[in-house]
Amino acid sequence: MSAAVHAQSGFGAGGGSAAHVATGGLDTTHGVVLYLDGITVSFDGFKALNKLSLSIDVGELRCVIGPNGAGKTTMMDVITGRTRADSGTAYFGQTIDLANLSEAEIAQAGIGRKFQMPTIFERLTVAENVELAMKADKRVRRTLFHRLSSEERDRIAESLRLMRLEAAADRPAGLLSHGEKQWLEIGMLLVQEPKLLLLDEPVAGMSDAETERTAELFLSLAGKHSLVVVEHDMAFIGKIARKVTVLHEGSVLAEGPMQQVQNDPRVIEVYLGR
Amino acid sequence: MSRLYGARGWAILGACSLVVFVVFPLLNLAVPPEHPLHLSAFWVTLAGKIMCYAMVAVAMDLVWGYAGILSLGHGLFFALGGYAMGMYLMRQIGREGQYQSDMPDFMVFLDWKEFPWHWWMTDQFWWALLLIVAVPGLLALVFGYFAFRSRVKGVYFSIITQALTFAAMLLFFRNATGFGGNNGFTDFKRILGFPITTPETRMALFAITGAALIGTLLLARWIVTSKLGRVLAAIRDAEPRVMFCGYDTMHYKVAIFTLSAVLAGIAGALYVPQVGIINPSEMSPANSIEIAIWVAVGGRGTLAGAILGAGLVNGAKSYFTVAFPEYWLFALGAIFILVTLFLPRGVMGLLEHLPGASRHPSSTRRGKTA
Amino acid sequence: MRILLIALWLAASPAFALDPAAVEKLAFGDSDEKIEAIGALVAGGDPRAAELLQAFSDGEVQTSGKRVLIVRGEEGVDAVTGEKVAQLPAEREDVVANNRLRGAIAGALAALKLFSAERDERLAAARELSGGADASILPLVRKALEKEADPDVKPLLEMTAAAMELKGGSKESRLAAIRMLGSSSHPNAKSLLLEAAAAEADEDLKLEAQKSLRAVDGRLAWGEWLGLGFAGVSLGSILLLAALGLAITYGLMGVINMAHGELIMIGAYTTYVVQGWMRDAGLFEWYLAAAVPAAFLVSGAVGMALERSVIRWLYGRPLETLLATWGISLVLMQAVRTIFGAQNVQVENPAFMSGGIQVLANVVLPWNRIAIIFFALAVLAAMWLLLSRTRLGLYIRGVTQNRAMASCVGVPTARVDTWAFGLGSGIAGLAGCALTQIGNVGPDLGQGYIVDSFMVVVFGGVGQLAGTVYAALVLGFANKLLESWSGAVIAKIAVLVFIIFFIQRRPQGLFALRGRAAET
Numbered sequence: 291m292s293a294a295v296h297a298q299s300g301f302g303a304g305g306g307s308a309a310h311v312a313t314g315g316l317d318t319t320h321g322v323v324l325y326l327d328g329i330t331v332s333f334d335g336f337k338a339l340n341k342l343s344l345s346i347d348v349g350e351l352r353c354v355i356g357p358n359g360a361g362k363t364t365m366m367d368v369i370t371g372r373t374r375a376d377s378g379t380a381y382f383g384q385t386i387d388l389a390n391l392s393e394a395e396i397a398q399a400g401i402g403r404k405f406q407m408p409t410i411f412e413r414l415t416v417a418e419n420v421e422l423a424m425k426a427d428k429r430v431r432r433t434l435f436h437r438l439s440s441e442e443r444d445r446i447a448e449s450l451r452l453m454r455l456e457a458a459a460d461r462p463a464g465l466l467s468h469g470e471k472q473w474l475e476i477g478m479l480l481v482q483e484p485k486l487l488l489l490d491e492p493v494a495g496m497s498d499a500e501t502e503r504t505a506e507l508f509l510s511l512a513g514k515h516s517l518v519v520v521e522h523d524m525a526f527i528g529k530i531a532r533k534v535t536v537l538h539e540g541s542v543l544a545e546g547p548m549q550q551v552q553n554d555p556r557v558i559e560v561y562l563g564r
Numbered sequence: 171m172s173r174l175y176g177a178r179g180w181a182i183l184g185a186c187s188l189v190v191f192v193v194f195p196l197l198n199l200a201v202p203p204e205h206p207l208h209l210s211a212f213w214v215t216l217a218g219k220i221m222c223y224a225m226v227a228v229a230m231d232l233v234w235g236y237a238g239i240l241s242l243g244h245g246l247f248f249a250l251g252g253y254a255m256g257m258y259l260m261r262q263i264g265r266e267g268q269y270q271s272d273m274p275d276f277m278v279f280l281d282w283k284e285f286p287w288h289w290w291m292t293d294q295f296w297w298a299l300l301l302i303v304a305v306p307g308l309l310a311l312v313f314g315y316f317a318f319r320s321r322v323k324g325v326y327f328s329i330i331t332q333a334l335t336f337a338a339m340l341l342f343f344r345n346a347t348g349f350g351g352n353n354g355f356t357d358f359k360r361i362l363g364f365p366i367t368t369p370e371t372r373m374a375l376f377a378i379t380g381a382a383l384i385g386t387l388l389l390a391r392w393i394v395t396s397k398l399g400r401v402l403a404a405i406r407d408a409e410p411r412v413m414f415c416g417y418d419t420m421h422y423k424v425a426i427f428t429l430s431a432v433l434a435g436i437a438g439a440l441y442v443p444q445v446g447i448i449n450p451s452e453m454s455p456a457n458s459i460e461i462a463i464w465v466a467v468g469g470r471g472t473l474a475g476a477i478l479g480a481g482l483v484n485g486a487k488s489y490f491t492v493a494f495p496e497y498w499l500f501a502l503g504a505i506f507i508l509v510t511l512f513l514p515r516g517v518m519g520l521l522e523h524l525p526g527a528s529r530h531p532s533s534t535r536r537g538k539t540a
Numbered sequence: 331m332r333i334l335l336i337a338l339w340l341a342a343s344p345a346f347a348l349d350p351a352a353v354e355k356l357a358f359g360d361s362d363e364k365i366e367a368i369g370a371l372v373a374g375g376d377p378r379a380a381e382l383l384q385a386f387s388d389g390e391v392q393t394s395g396k397r398v399l400i401v402r403g404e405e406g407v408d409a410v411t412g413e414k415v416a417q418l419p420a421e422r423e424d425v426v427a428n429n430r431l432r433g434a435i436a437g438a439l440a441a442l443k444l445f446s447a448e449r450d451e452r453l454a455a456a457r458e459l460s461g462g463a464d465a466s467i468l469p470l471v472r473k474a475l476e477k478e479a480d481p482d483v484k485p486l487l488e489m490t491a492a493a494m495e496l497k498g499g500s501k502e503s504r505l506a507a508i509r510m511l512g513s514s515s516h517p518n519a520k521s522l523l524l525e526a527a528a529a530e531a532d533e534d535l536k537l538e539a540q541k542s543l544r545a546v547d548g549r550l551a552w553g554e555w556l557g558l559g560f561a562g563v564s565l566g567s568i569l570l571l572a573a574l575g576l577a578i579t580y581g582l583m584g585v586i587n588m589a590h591g592e593l594i595m596i597g598a599y600t601t602y603v604v605q606g607w608m609r610d611a612g613l614f615e616w617y618l619a620a621a622v623p624a625a626f627l628v629s630g631a632v633g634m635a636l637e638r639s640v641i642r643w644l645y646g647r648p649l650e651t652l653l654a655t656w657g658i659s660l661v662l663m664q665a666v667r668t669i670f671g672a673q674n675v676q677v678e679n680p681a682f683m684s685g686g687i688q689v690l691a692n693v694v695l696p697w698n699r700i701a702i703i704f705f706a707l708a709v710l711a712a713m714w715l716l717l718s719r720t721r722l723g724l725y726i727r728g729v730t731q732n733r734a735m736a737s738c739v740g741v742p743t744a745r746v747d748t749w750a751f752g753l754g755s756g757i758a759g760l761a762g763c764a765l766t767q768i769g770n771v772g773p774d775l776g777q778g779y780i781v782d783s784f785m786v787v788v789f790g791g792v793g794q795l796a797g798t799v800y801a802a803l804v805l806g807f808a809n810k811l812l813e814s815w816s817g818a819v820i821a822k823i824a825v826l827v828f829i830i831f832f833i834q835r836r837p838q839g840l841f842a843l844r845g846r847a848a849e850t
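Protein chains in written order, with this note's numbering: chain A, 291 to 564; chain B, 171 to 540; chain C, 331 to 850.
These are calculated hints, taken from the structure and not from any lab test.
Note that the coordinates shown come from a computational prediction; the quantities given were computed from them, not determined experimentally.
Just so you know, even glycine gets a beta-carbon here, dropped at the ideal spot from N, CA and C.
You can trust all of the hints, since none of them are fake.
Simulated coverage check for chain C against chain B, where a stretch passes if three residues somewhere in it have a Cβ under 8 Å from a Cβ of chain B: (1) 637-649; (2) 663-670; (3) 779-785; (4) 825-831.
If we strip away everything but chain A, and leave its shape as in the complex, we get (with noise of 0.2 Å):
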């Protein structure tokens, strides 16, 4: 097991070079990698986000948890562009303001997702899927003319391998059972060399030793990578979490390590109040 999460070490220190978008790399020199400052959404009324801020550190492992409703998801669509807040700011490093890119610009200056439902592209082949997610240049015409080059062959079968998916390599990707198009997913945000990665309940309908290899998986991504992982599944939370942040109807409830958010009397009454 250990041996094939650091095999995948060279994944975050391999790219950081041909991303066209003209961000000029991402600047951490204050060492936080993200910076919500009052960021507020409200749908016909309804406060989705209400001036939420948060900051996560580079190399940072964060976990967000907090009722239904309280905007977790709305937090993640805010962060990779897929909402615009109302009001407020979000930035990644000290210089890219979120507001102004699109999806696939935030994608690219190095933000990766996975949806709460796993979204694969499920006619193409699980080799395919891993391909198209691979860094690159991902113009329209460099995309026509690109050929596979025997290093990118070499990532994708690495990456396979790690997610324990070469037997399916050339099966289409819509076969694979449940747990398996999380770990795909997963494997897919990697090789998109994000710097941040947001992960929206990973281990949902995963078996407990999937569970038990995702946990191990994220422990050895933090430091190299931030991440921001949502997840209802306590248990796995109490595995993996350093700080806990708690939304609640939109902000910040609490923050703090596992155990101190755990008996804080405002985030017992939220979960098990009224």
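Knowing the structure of chain A, use the given hints to seat chains B and C on it.
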């Protein structure tokens, strides 16, 4: 080469080329008319016409079968290409029209003294070629840019392309627009100086159309087997995921939509000199939807299926409209219904007896499956 | 001068007999003198003048020497005294009336009718005179005006008098006429004033005429705007009817039904069939009472059959639904063509739907359009009540919002789908029934409405009933407004292009939910 087709694929393509470039010319030109094997002008024109339809079908399959964009504007692009060619053909008539004027008959009839601005240079063949590519291409580029930038997709996109086509049809029906109103363009005499109805010219047009169809097919095949093709398929299956992978999907959609429109325009330009007429009814919304059903009959996302479907449906149409004209619309309607209900993968799906590998639960049904 | 003469005649004419000099002029004078004589004769208001003039125009007036006779068959009457002539003289000559004279006589006879006791007869006479009459009868018109009190007849007479004054009156009377025309709302006032402004030699009067012209223009413009507004509301109500059914099937259920137009067409043909039956039963005037429910039921039944047989297998696959329902539309169209023929069929308005009300001189609101506006409102209200107040409505809303949950709490979702689709189709049938009252009924009827009704639903915001209503009205107005500037085709193109761009700016339509659910 091997990426495009396997040995069997190339063999079939070679056989088809042989029919188009050797068998047809021989039977039509070399065999004397009274011989039973002689192929009459009727069949040459019919086959040429169907090959033009097949080109549009391939273009449609690129956007619909691969990228999942159902355009109901391809009839418009086809007609625009046809009109661009038609303008050149009208200028070629010279003074041989009813009124023996330098102007086309319909302009004389409307008492116009000079050509409207959009007829500028249309007596030049190279300019006509440019218009054939540029007019549908630019329209698709601009329209696609605005539509895809605003994330208009699915049925919405279909409906607004239909509205666009409908608006264009109304526009072309007006005499004042300068495209001959109801009657459009007809009574062509020459193309590039050659008389347009002689068997030789006909056969040349037929062969050029065949070459264009094969070229279109190979180009489309090259695209769909490239990484670009896989990105398009990915957009069809899960567009948000593609965006979060860092692809600007709008550019991809605009690019394939524009390319497809250009191909449709070229098909229209080849169609007009062979059938000898172009009028606004080519832009009716019904025509655009029919293009979609050719593709569906053949099998979406297969390219060859698009050609097959165009051939089958139009072959049936030619037969029915002669044999039982009043039943053709029943038959066409039934094709629409039955293919969507019972043949989601079209005729190609029937032909390929592939193992379940390529069959999987891609479409989730609402309501009934539970 | 002429007026003076006529005034003299007026004073001189004896009550018991026609003025012999006038009769003589009528019989022997040249055309001008004859016309003068006609004026003189009618000025007296004697019924016998009418008799003489009628006889003259019928070619029954003859002369014998100096005598003027009215000859019918073998009997003769002296035109002056009215006495019977015992022995008709052998030598008689016809007095021939040319067209100009006939016109003058017609005017004169009409003028005489202005004194009738019957209001309708006076109104008819006034209408005839307002079309243009010889100035010779002006005194008579004035006299009639003094007595006239009817609000319909009086303005017409004022118009007529003013028109005559303008041609031959004194400066004062011309001025009065111009002022009067300036305050008139009759459609002819404008052309009379235009004429006066062009022909008038007197500068003061010319200015006055232009002033009056502006006033009339202003009022006519009002009428035009009112007419435009009505046309907009009318078109809006038609679009609304056509789109309301779609607002259920597409807006709420998400089924893209390209055969919607054909369901409208079926409603129209049902109306046609019902009309035939009711005519045979002698109840033609009441056929709409039967046709409205029949159209609803027939289209609704066809819609439910379609849902059961085809559409239900395609839920969640909108593009396939589009193609399959297009196929259905082809089949339905061809079926109607086979049964009823490719030609348009005739649906007539019942009597109470024909004609209209005149609100301004230049604005007539046709009854059939007014009826359709109210019909659309009634259908809208009924649909709203059904959706918000009944159990079926509750089920439909529940199923369209959360199918799984509705199914869990025991709502028979499949059956609700069928009923909801039937409801939308039935409303399409009602639209078809309404359309028979204003346009042609043919197999292609629905094709003309399919693009429009989708535009209405999409423009209003899918799933938004209120949006559909506003969108129908906005598009109706916009279409009519543009039409008045640029013609119908360009207007339609402009509206389509506008919607295309609008949707691209605002894909969710005028009214839309914003949120996660709306974005997927």
